[in-house]
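There are 4 protein chains.
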Amino acid sequence: MEIDIATIGGYEEVGRQMTAVRAGDDIVVFDMGLNLSKVLIHDNVETERMHSLDLIDMGAIPDDRVMSDLDGEVQAIVPTHGHLDHIGAISKLAHRYDAPIVATPFTIELVKQQIESEEKFGVGNDLVKMDPGESMEIGNGLDLEFVNVTHSIIDAINPVLHTPEGSIIYGLDKRLDHTPVIGDPIDMDRFREIGREGEGVLCYIEDCTNAGRKGRTPSEQLAREEVRDVLYSMEDYKGGIVATTFSSQISRVKSIVEFAKEIGRQPVLLGRSMEKYSGTAERLDFVDFPDDLGMFGHRQSVDRTFKRIMNEGKENFLPIVTGHQGEPRAMLTRMGRGETPYQLDEGDKVIFSARVIPEPTNEGQRYQSEQLLRMQGARIFDDVHVSGHMSQEGHYTMLDTIQPQHIVPAHNDLEHLARYIDLAEGQGYRMGRDLHATRNGNVISLVE
Amino acid sequence: MEIDIATIGGYEEVGRQMTAVRAGDDIVVFDMGLNLSKVLIHDNVETERMHSLDLIDMGAIPDDRVMSDLDGEVQAIVPTHGHLDHIGAISKLAHRYDAPIVATPFTIELVKQQIESEEKFGVGNDLVKMDPGESMEIGNGLDLEFVNVTHSIIDAINPVLHTPEGSIIYGLDKRLDHTPVIGDPIDMDRFREIGREGEGVLCYIEDCTNAGRKGRTPSEQLAREEVRDVLYSMEDYKGGIVATTFSSQISRVKSIVEFAKEIGRQPVLLGRSMEKYSGTAERLDFVDFPDDLGMFGHRQSVDRTFKRIMNEGKENFLPIVTGHQGEPRAMLTRMGRGETPYQLDEGDKVIFSARVIPEPTNEGQRYQSEQLLRMQGARIFDDVHVSGHMSQEGHYTMLDTIQPQHIVPAHNDLEHLARYIDLAEGQGYRMGRDLHATRNGNVISLVE
Amino acid sequence: MEIDIATIGGYEEVGRQMTAVRAGDDIVVFDMGLNLSKVLIHDNVETERMHSLDLIDMGAIPDDRVMSDLDGEVQAIVPTHGHLDHIGAISKLAHRYDAPIVATPFTIELVKQQIESEEKFGVGNDLVKMDPGESMEIGNGLDLEFVNVTHSIIDAINPVLHTPEGSIIYGLDKRLDHTPVIGDPIDMDRFREIGREGEGVLCYIEDCTNAGRKGRTPSEQLAREEVRDVLYSMEDYKGGIVATTFSSQISRVKSIVEFAKEIGRQPVLLGRSMEKYSGTAERLDFVDFPDDLGMFGHRQSVDRTFKRIMNEGKENFLPIVTGHQGEPRAMLTRMGRGETPYQLDEGDKVIFSARVIPEPTNEGQRYQSEQLLRMQGARIFDDVHVSGHMSQEGHYTMLDTIQPQHIVPAHNDLEHLARYIDLAEGQGYRMGRDLHATRNGNVISLVE
Amino acid sequence: MEIDIATIGGYEEVGRQMTAVRAGDDIVVFDMGLNLSKVLIHDNVETERMHSLDLIDMGAIPDDRVMSDLDGEVQAIVPTHGHLDHIGAISKLAHRYDAPIVATPFTIELVKQQIESEEKFGVGNDLVKMDPGESMEIGNGLDLEFVNVTHSIIDAINPVLHTPEGSIIYGLDKRLDHTPVIGDPIDMDRFREIGREGEGVLCYIEDCTNAGRKGRTPSEQLAREEVRDVLYSMEDYKGGIVATTFSSQISRVKSIVEFAKEIGRQPVLLGRSMEKYSGTAERLDFVDFPDDLGMFGHRQSVDRTFKRIMNEGKENFLPIVTGHQGEPRAMLTRMGRGETPYQLDEGDKVIFSARVIPEPTNEGQRYQSEQLLRMQGARIFDDVHVSGHMSQEGHYTMLDTIQPQHIVPAHNDLEHLARYIDLAEGQGYRMGRDLHATRNGNVISLVE
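Protein chains in written order, with full-length UniProt numbering: chain A, 1 to 448; chain B, 1 to 448; chain C, 1 to 448; chain D, 1 to 448.
In isolation and in its complexed conformation, chain A is listed as follows (with noise of 0.2 Å):
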């Protein structure tokens, strides 16, 4: 059976990820994403509204037309997890491919959303939902199964496709997470068995993202204690505590939920994305929240929550909000600018459990944020965090439990994926021979 690997996106940049696999003449696309940052370059674009050829000229979505390269027909498009890296581009591209969107039941819903908000298009496709663990057929002899992951984000899996001709793993996002949060750990167990059953691995699809950092990426339980001993610290402190994460990482959400109760605090979600995904995430059973969290996302009734705080004490009260990264328009920033009802006072907390995401943009305005804040008098705690991507120590475990005749670096610039290639050179593969540095637009022919 020929097996192709078309890596049409996020193989020169993070963000706007997709790539299909072609056995025999089926074809599996994984992930269609966004890259926001081309987006939000520009002033006042808005994406609902425009067309995917627009988008693509601006590099913020897959560029997709590769895929009439490819012979075949798309039997399913399979988003990893509920990032818009992975996502963000559905509703732009997955009408043209007649073909359901298969995913775990959080990332379907993610999708859901986005399909509604989209004005645009109109994306019809079924959306199917699948468990980690479990498996369906697809096409023509081929099978497609989700192994448990641990990702920054719930209901993450890699998604493997089954050949005659061996297996396919796309192993984007995850970290060896052993001691997770929410879920179960890392299914290493499984990905050891598809090294060793039928054909083994024929190809791994990898992703990059910490390839050059040393060691080993700990498990978010140690992000847990992180939180732990910082709210601790200010178990007498009887002003203003706030926090900020990203919104989609329930379960640093649930940690700062929890550790905000245990030194006394009632704890409230405030801002669009905050409520979206926890309200999300508590919808669909995957967190067990305290039943008087309170989540808010619109102006109203955020501006009306922060009155009730005001009104009852900054001292009982820890808002969780958005804006880790400084962005010019979110709760953070509006609340450094002084433009929401809560006061912040000299001495009042605000926890980063983020890091900034290095690119001088970003660099700029958090800084500036971060200004804001001091002047109000906020004491600033940043990088009460962990990465959700594993390092090189994960690398090498992986490439030992799966052996795969063949590795497609992924999900970065080639400069980055330079540092995977030196690193699975060590380990015994060869560029140009089972180690194929690509571009995007790149079709790779493993079986002719």
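Everything labelled a hint here was simulated from the structure, so no lab data went into it.
By construction, the Cβ of each residue, glycine as well, lies at the ideal position given by its N, Cα and C atoms.
Incorrect hints may appear among the rest.
Claimed, not checked - Derived BS3-like pairs: lysine-lysine, alpha-carbon spacing no greater than 27 Å straight-line:
(1) C:261 x D:214
(2) C:214 x D:214
(3) B:261 x A:214
(4) D:38 x A:214
(5) B:38 x C:214
(6) B:261 x B:276
(7) B:276 x B:129
(8) A:214 x B:38
(9) D:38 x D:276
(10) C:112 x C:38
(11) C:120 x C:38
(12) A:214 x B:214
(13) C:214 x D:38
(14) A:238 x B:261
(15) B:38 x A:261
(16) C:38 x B:214
(17) D:120 x A:38
(18) D:238 x C:214
(19) D:38 x C:238
(20) B:276 x B:38
(21) A:120 x A:276
(22) A:307 x A:238
Said to hold, decoys possible - A short list of chain B residues far from chain A (calculated; beta carbon distances all over 10 Å):
(23) 53
(24) 283
(25) 284
(26) 376
Could you slot chains B, C and D onto chain A? The hints should help.
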């Protein structure tokens, strides 16, 4: 009663700490430290045989000639803890003063060992042990109290000199750790009392090392969780694992020892400093290591141990060795050079439970050490670590707690002290009034 | 005669410089500057309409309330050169003092323009011009002299107040340039004389901006050679070339203008500040631009010019525009956004004859501007530049030359002043004795 | 005619450059370099006595075993210039090939000296001189041409192999310098002709060192102006001035020598490499040094010279010495350690006309060297320098000029090559099609 503070050393550098407080006719000296980097930049300098004046000229030990400007009698020499930058000049300077050395038991033991290795001077001062929480009368109407603090070495205290004019707190080298791995939490209650009793705190001498770091330095408990996360991730590895950390950081050594056991490996301490500090701690009952924990310092016994490890299988052991900064002659660097019987193989793990002290010489040496280890096949886990010095939030907390009338920032150069000065001015202090920017060799008169 | 130095502003930041010297009953004020970054961090602040007290609260202009502690009459307000951080608060503060503003002709002209744009206060102080090298009597037995210096703006001086106790040299903002592109070299001979005549130099107030930089800041001649090298390398290019630099740096503008001509292009200055500074310099005969050099500041005339350039061929022009720091509303940023009639094409060159002021906000904005330009096809030439402030060797030379009895480091925060203090202590001065580490709002009594 | 490119060394590092081109039955080898850092990391390695296979295993010299995959006869070994990373393996590898070494006169002379110092192998290859601008027939229907280029060493060329299928340009190590201080400007006219004549340029092998740097690398003329600016600023200094630079950078040495004379000092070259390179350049008439310029390499004559300088007065001399990277045994480092008769005094000037090669080992050593010099009182002038490698704009210009069909980025690791690949893709090339990302040991077939 007249009160003077002589800022003798460590006000223009990290290293060679020394401060004297005169209250009436009595003087107490806090710390007599060594600036090791000023020694190591020269080839082949042996401090044991050098005269104190030469070491003063090199900037290696405090220039205590300013002591003659103080009109009083030295009643005690009080090192706060056993790090070299606090006790390393005792063997060169203490014999000039007719006064006992008063310290906690672990510190006293390290002072004793240092005096014994001195070849130039005979140091006959009395060595007096006092536990954290205890006090003694000093001179005429003064009391010396040891408040328990938490630092990267055990048995650390902040000495407090109670005078009729208020207390002088010599606050060097601590973090606010409520869950240290060994010993008691920092005694914030006592600090609070001291801040409120009698005349309150006349003066607070403060360690500024991390005054530029946002937020809070976490507890040693967090470093322990990092060690746990890393070691458990290696549970199934069948080759060599080696760890290095600050030899004097007994709590870290203890964590590594314990998790080594838990993952089924025999820990063993190798290197002269490892044997010295951990051996001393165990002998004094500060730590309860497993009975079969080997500690070897001499070249021959180290080599014998390495041979035994190679014979019995690397997979059964976890050597904890010196060399975390890449020091050219330390054990780990020698292992990288292949100068020991221990053979590193492809895939072996090396854990640096330490950060690189940020100075180009260290960075270069550490880089070389890592390169050599990697050439042997090792994989590096770095920065499995938490600092021993408090960050900005700790400083805020201390000021709230003890409310000193005067502050003297210490333990760094003026560029770093400046960051603390900004912080303290934000709390209402004022440089030139009650916040004293000073240099080595000055005398500050607090009460005239 | 009693001599006091009030260090009013610019001792904790770069920006809002202001220093007052009292000699007997007479006071001279040096500089009244604006810290623009404290304004820009807020949205929609228009300083022209704001009250001085609000601007003081924001940290934008000097808090001159300390002036009431000085027992004397203000006889003159003396801005050293025309940069905003030296003259930008005159329109808010000068009217409170019954004293003339004394400055060089170019500086006076800029002060006049600023006063005219002020909407809140009427500023009626006399404007008195004095050339470099000249002196005037001030108050009772004092002389004010202007020593010619070289900086990144023309007509800069160091004012010297001659008193019976010795001279006070207000030494802000210069480099030691013996081959400036416009005007005379720095007058080191006169500094040497002042150091040796009469009572010598009582006090030297020094600009510490680059006290941490090794070696020597080169002459503007070197920047001119850099401009030459870059522009000649483009001699054969048939597309667009655009340059940006500090608008007030007339000598740099002159170099770009001249080499543009040499490679066969018509230079044209675009943007409000470009028109303002270069127009003023030409009107006052400081620079002799080509007769046909266009300067356009208003939006309409700029757009008309851009259209003409596009019609007549980009290859015939070299626009010199505002926007070297990536300021969001400056001309070059607008060109990057495609908001002007000038069309950038693949291969067009953009020369930043400036460095990014190292602060995250600037860095983020500059990065965005470069990204936008690159998206249009532009190629970036950055850092074609030389600083206007002297480095360590300049400081050594000044101390050798004038041999001051006292030094007051200025023009930065304490962290930067600390580097100068280290340098000066290496020359025999001593902090707390004759080397004064100070803060905004202090008064230093030199002669009592 | 079949055309293969074997990318033997220098495609994963800077150092050990080696590339072979097979055209039909004939092979030409370009460069045989040494990666010195792989030697120096070990203690006490003497390359002169080592076998080539051991040096290959260390990664120090190219692994030329891939040569056996090329079906042809080596007709020439062609080093492009005299730097060690281009000629340093000739003494270890050239004797395996029955072919002459063809190079420019200066390069040939350096190769000869290297062969003479070799102790392990007898290297008997013919040494053939060819000047820039000349050509010779090679093998069967091939022509080898030397195009004059400008680099940080004199007599550098880019060899061009003219084949019936088009030209192969081996483009390593140059900047586009139209005003070099010694020799002719880069011959862009000839590159343009080659790009247009016959079949044009089949393949361009390019040096990517600075492909990540914006803009243009300036001419050596600019470095000369920097040297002038610095030395003239010291014209009145009555103490010691010492300069260091890359010994092989004769044009820089010449600038320092000439401006030393102009400010009234006798220059003198000290250190083995200084004597070697400058002596050779003078003997071959590349540079016309003053008759009285001393050059001393042996320890005894250096010490004698230093003694003479101390006797006759440091203010009359300007030693130009080795040690710009802080190499532990170089002359300047020894001066810092006080190991030479030259006494540094407070205020003496040390000029580093070089940049630190950005690698932690160098940075550490250079830092130590500067610290030692400063402890003697020296003042450091660093980075009086311009790179020898072109930046992005040079790469654009070369592509415009020669319009190659294929590009092979070289002279760095993949992470750096990636930056060039981005640049070239912006010009319409495509990785995997006509833009070849490669590794050491690969063979690229261009014409089959």
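Results of checking the hints against the structure:
1. C:261 x D:214: With a Cα-Cα distance of about 25 Å, the restraint between residue 261 of chain C and residue 214 of chain D holds, given a limit of 27 Å.
2. C:214 x D:214: Roughly 24 Å separates the two Cα atoms, so the pair holds.
3. B:261 x A:214: holds, 25 Å
4. D:38 x A:214: holds, 21 Å
5. B:38 x C:214: Roughly 21 Å separates the two Cα atoms, so the pair holds.
6. B:261 x B:276: Roughly 22 Å separates the two Cα atoms, so the pair holds.
7. B:276 x B:129: Holds, because 19 Å separates the two Cα atoms, which is no more than 27 Å.
8. A:214 x B:38: violated, 31 Å
9. D:38 x D:276: Since the Cα atoms of residue 38 of chain D and residue 276 of chain D sit roughly 23 Å apart, the hinted pair holds (cutoff 27 Å).
10. C:112 x C:38: At roughly 23 Å apart (the allowed maximum being 27 Å), residue 38 of chain C and residue 112 of chain C satisfy the hint.
11. C:120 x C:38: Roughly 19 Å separates the two Cα atoms, so the pair holds.
12. A:214 x B:214: holds, 24 Å
13. C:214 x D:38: The given pair, whose Cα atoms are some 31 Å apart, is violated under the 27 Å limit.
14. A:238 x B:261: Given that 27 Å is the threshold and the Cα spacing comes to 43 Å, the pair is violated.
15. B:38 x A:261: violated, 51 Å
16. C:38 x B:214: holds, 21 Å
17. D:120 x A:38: violated, 59 Å
18. D:238 x C:214: holds, 20 Å
19. D:38 x C:238: violated, 46 Å
20. B:276 x B:38: Status holds; Cα separation ~23 Å.
21. A:120 x A:276: Between residue 120 of chain A and residue 276 of chain A the Cα gap is close to 22 Å, so the pair holds against 27 Å.
22. A:307 x A:238: Holds, at about 18 Å.
23. 53: Since the minimum Cβ distance to chain A is about 45 Å, residue 53 of chain B lies beyond 10 Å and the statement holds.
24. 283: Answer for residue 283 of chain B: holds, closest chain A Cβ roughly 32 Å.
25. 284: holds, 29 Å
26. 376: Holds, since 13 Å exceeds 10 Å.
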